[in-house]
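2 protein chains.
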Amino acid sequence: MARVVVDVMLKPEILDPQGQAVQRALPRLGFEGVSDVRQGKRFELEVDGPVDDAALARIHELAESFLANTVIEDFTVKVEEVVEAGK
Amino acid sequence: MARVVVDVMLKPEILDPQGQAVQRALPRLGFEGVSDVRQGKRFELEVDGPVDDAALARIHELAESFLANTVIEDFTVKVEEVVEAGK
Chain E
1 MARVVVDVML KPEILDPQGQ AVQRALPRLG FEGVSDVRQG KRFELEVDGP VDDAALARIH
61 ELAESFLANT VIEDFTVKVE EVVEAGK
Chain Y
1 MARVVVDVML KPEILDPQGQ AVQRALPRLG FEGVSDVRQG KRFELEVDGP VDDAALARIH
61 ELAESFLANT VIEDFTVKVE EVVEAGK
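First to last, the sequence lines map onto chains E and Y. Each residue of the first sequence is one higher than the one before, starting from 1 at the first, in full-length UniProt numbering. Each residue of the second sequence is one higher than the one before, starting from 1 at the first, in full-length UniProt numbering.
One should not assume that every hint holds.
[Unchecked claim] Now the stretches of chain Y that chain E is said to cover, found in silico as 3 or more residues with beta-carbon under 8 angstroms:
| id | stretch |
| --- | --- |
| 1 | 22–29 |
| 2 | 47–56 |
| 3 | 68–82 |
Honestly, the hints are just simulated from the structure, not real lab data. All C-beta atoms in this analysis are idealised placements derived from N, C-alpha and C, irrespective of residue type, glycine included.
With these hints in hand, go ahead and build the complete structure from the sequences.
Laid out in structure tokens, this is it:
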């Protein structure tokens, strides 16, 4: 069992109204020194069995076709945690 | 300048309908072996100046009061990238 994280963010050149709304609110809330905020999605996938190259390729394919809109979004795939069965 | 990432996820005991919808669709799309999917938010903050303990504490406070609803969500704060000024 392993946890694979897929992070999906808008491409840098795409306007991020949600991120901008957060950023504009920060000074009003007393938080200075944050020059930019971008907001995206984080998916945590619990994957059965070993996360070998083949499994990662499948998850990459899944992210590309289903979790991200690759016209406007970029994504990254990371293995975060490997839980040994039976420990 | 540094990039600080705030990940906001629903607490494990909270039902995640979005994550479940993704997980139920996977077999239909030909993706097997993913036993659970949870969906959350990822915030990338570009912070001016050094990210010392005081800055991290402020960002932790910002996340707790503004980016996450701590009744139903957990959050983590990570420094992802430190860009030296002028490099």
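Right, here's what the structure says about each hint:
no.	hint	verdict
1	22–29	holds (count 4)
2	47–56	holds (count 4)
3	68–82	violated (count 0)
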